[in-house]
Amino acid sequence: MASQSVLTPQAEDFPRWYQDVVAKAEMADNGPVRGTMVIRPYGYAIWERIQSEIDARIKDAGAQNAYFPLFIPQSYLSKEAEHVEGFSPELAVVTHAGGEELAEPIVVRPTSETVIGEFMAKWIQSYRDLPLLLNQWANVVRWELRPRLFLRSSEFLWQEGHTAHATQEDASDYAMKIHLEVYNDFLNKVLAVPTFLGIKSTRERFAGATNTMTCEGMMRDGKALQMATSHELGQNFAKAFDIYYQSEEGQAALCYTTSWGSSTRLVGGLIMAHGDDNGLVLPPHVAPTQAVVIAVRDEPEVNAACEKIVASLKAAGVRVVLDRGRGSFGRRVTDWEIKGVPLRIEVGPRDLAQGIVTVVRRDNSEKVALGIDAVSDEAPILLETIQRELFQSALDRRDANTCDVASVPEAINVAQTGFARLSWDLIGPSEEAELNNQGLTIRCLQRMDGSIPASELENDLLCIIAKAY
RNA sequence: CGGGAAGUAGCGCAGCUUGGUUAGCGCGCCUGGUUUGGGACCAGGAGGCCGCGGGUUCGAAUCCCGCCUUCCCGACCA
0 MASQSVLTPQ AEDFPRWYQD VVAKAEMADN GPVRGTMVIR PYGYAIWERI
50 QSEIDARIKD AGAQNAYFPL FIPQSYLSKE AEHVEGFSPE LAVVTHAGGE
100 ELAEPIVVRP TSETVIGEFM AKWIQSYRDL PLLLNQWANV VRWELRPRLF
150 LRSSEFLWQE GHTAHATQED ASDYAMKIHL EVYNDFLNKV LAVPTFLGIK
200 STRERFAGAT NTMTCEGMMR DGKALQMATS HELGQNFAKA FDIYYQSEEG
250 QAALCYTTSW GSSTRLVGGL IMAHGDDNGL VLPPHVAPTQ AVVIAVRDEP
300 EVNAACEKIV ASLKAAGVRV VLDRGRGSFG RRVTDWEIKG VPLRIEVGPR
350 DLAQGIVTVV RRDNSEKVAL GIDAVSDEAP ILLETIQREL FQSALDRRDA
400 NTCDVASVPE AINVAQTGFA RLSWDLIGPS EEAELNNQGL TIRCLQRMDG
450 SIPASELEND LLCIIAKAY
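Counting in numbering that gives the first Met the number 0, the final residue of the first sequence is number 468, and the numbers go up one at a time with none missing.
Calculated directly from the structure, the hints in this document are not laboratory data.
In the BS3-like style, the derived pairs of lysine-lysine whose C-alpha atoms are separated by at most 25 angstroms in a straight line are:
| hint | residue 1 | residue 2 |
| --- | --- | --- |
| 1 | Lys307 | Lys366 |
| 2 | Lys222 | Lys466 |
| 3 | Lys78 | Lys238 |
| 4 | Lys58 | Lys176 |
| 5 | Lys58 | Lys188 |
| 6 | Lys222 | Lys23 |
| 7 | Lys121 | Lys58 |
| 8 | Lys121 | Lys238 |
| 9 | Lys121 | Lys78 |
| 10 | Lys188 | Lys176 |
| 11 | Lys313 | Lys188 |
| 12 | Lys188 | Lys222 |
| 13 | Lys366 | Lys313 |
Here are the in silico distance ranges between beta carbons for each label pair:
| hint | residue 1 | residue 2 | range |
| --- | --- | --- | --- |
| 14 | Ala102 | Arg127 | 35 to 43 angstroms |
| 15 | Glu180 | Ala252 | 24 to 32 angstroms |
| 16 | Glu180 | Asp395 | 22 to 30 angstroms |
| 17 | Arg127 | Lys176 | 18 to 26 angstroms |
| 18 | Leu456 | Glu180 | 21 to 29 angstroms |
| 19 | Gln353 | Pro14 | 41 to 49 angstroms |
| 20 | Ala252 | Val320 | 52 to 60 angstroms |
| 21 | Ala102 | Asp395 | 54 to 62 angstroms |
| 22 | Gly354 | Leu144 | 53 to 61 angstroms |
| 23 | Gln415 | Glu99 | 52 to 60 angstroms |
We put the CB at the ideal spot given by N, CA and C, even for glycine.
The whole structure should be built from the sequences, with the hints applied where relevant.
As structure tokens, then:
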């Protein structure tokens, strides 16, 4: 019996495919309030893998975790003009509590620059207290008009880093360090997503920042997704919240601050960067389950062999589960495929008769026969191969769908299905408006060699133009 | 928030135009049996405030009004 598609094919309707995957892989459901999301155990397990990888990198970069309150006095937001202007439309505000109208409305945090700024001012006395490097894992609320599970929900989970430094150079260097050593490293090595790194144009910049850096990934439909951002906030928030320190010379000086974040949107990006018509495709480094051992039949000898294999894989450090043969084989295979488990190890009587197992890769459906005793040695190697090849094929796909163009009309044409790269000199306010009218945005500005510029005023910059999520 | 479509069992849908007694179908789920190398089959069974609220009517899934939610397209965004 030929396997028939259980999901809407990507080519037929990509957004529908995405929803099908989220539902059928049991990742998330819509919550009862518009824009809210219930993350199911499988989706949350993926998020936990993402969290632990990012958290370890953040700690390596020297930042410490802390926790700040969900509720923020509305007056805090107002202290930074651009910040309040940028976030006002999407704020959820508490006006009543304890059965009474509040004297000052309370905002549900859309991000925590303001509260954290308030406490940085309190904690920072001297240059010896700098740099102050903080991070928090939290939920935030931004009222979304057009929500989509993981990609854009009104409440989402994220990490937000907030740091204070004595000099602009130090702040700038640290934001860059986070951007490269935490975000880009994580995206490349764990999610296997190649990125375009760059800065945002003034129009796309974070509200209150002096500079915003982004990691832009390409999804399988050719659209761009901002997967992490790092901001230099200059002295904007330091001024608003009086974040001063006393220098070695005894002078009072304003700090420079940064902030940087990545969210549950990464789960959506993961789905769309690698998924295919059979469902999710998880890179082994982020897969909660890296291998499933499938007992083709529910028979004592088969089950015993499976259990031995599972034990040997666990000992080899592979995250593995056992699927004992209840229900039809085809059904079980399909279910594991939808969930994107990288390796399927099929064990049946025919295999055992030959002393082998059949190992199938999720990413390319390649099958290999391995001796039973070789599985625990070979599986970790195969997983690394899959991780590497997934990144490579994502990179090939991205490069094949990225074109250098010489004019705005050409860019508009190319960006219907991929990324257009164009000289930044050719873009003025009217050109950017024209692109926006066509449903396109400038995803980032970068140098000719792909590195991150210090500002949009540098000479010879390129911009990446695409449709975006 | 503007334009469009839609909400009937866990999921996908029919029924509504032309109001009328027990609201159907497929998949899934439960029980028993036969099965199991790419979504198995047979038999039996459970499961519904027909999105919510109001109105019209002797009578509403069906007609009218309001609201909520979802999807698509725009404007906004991690």
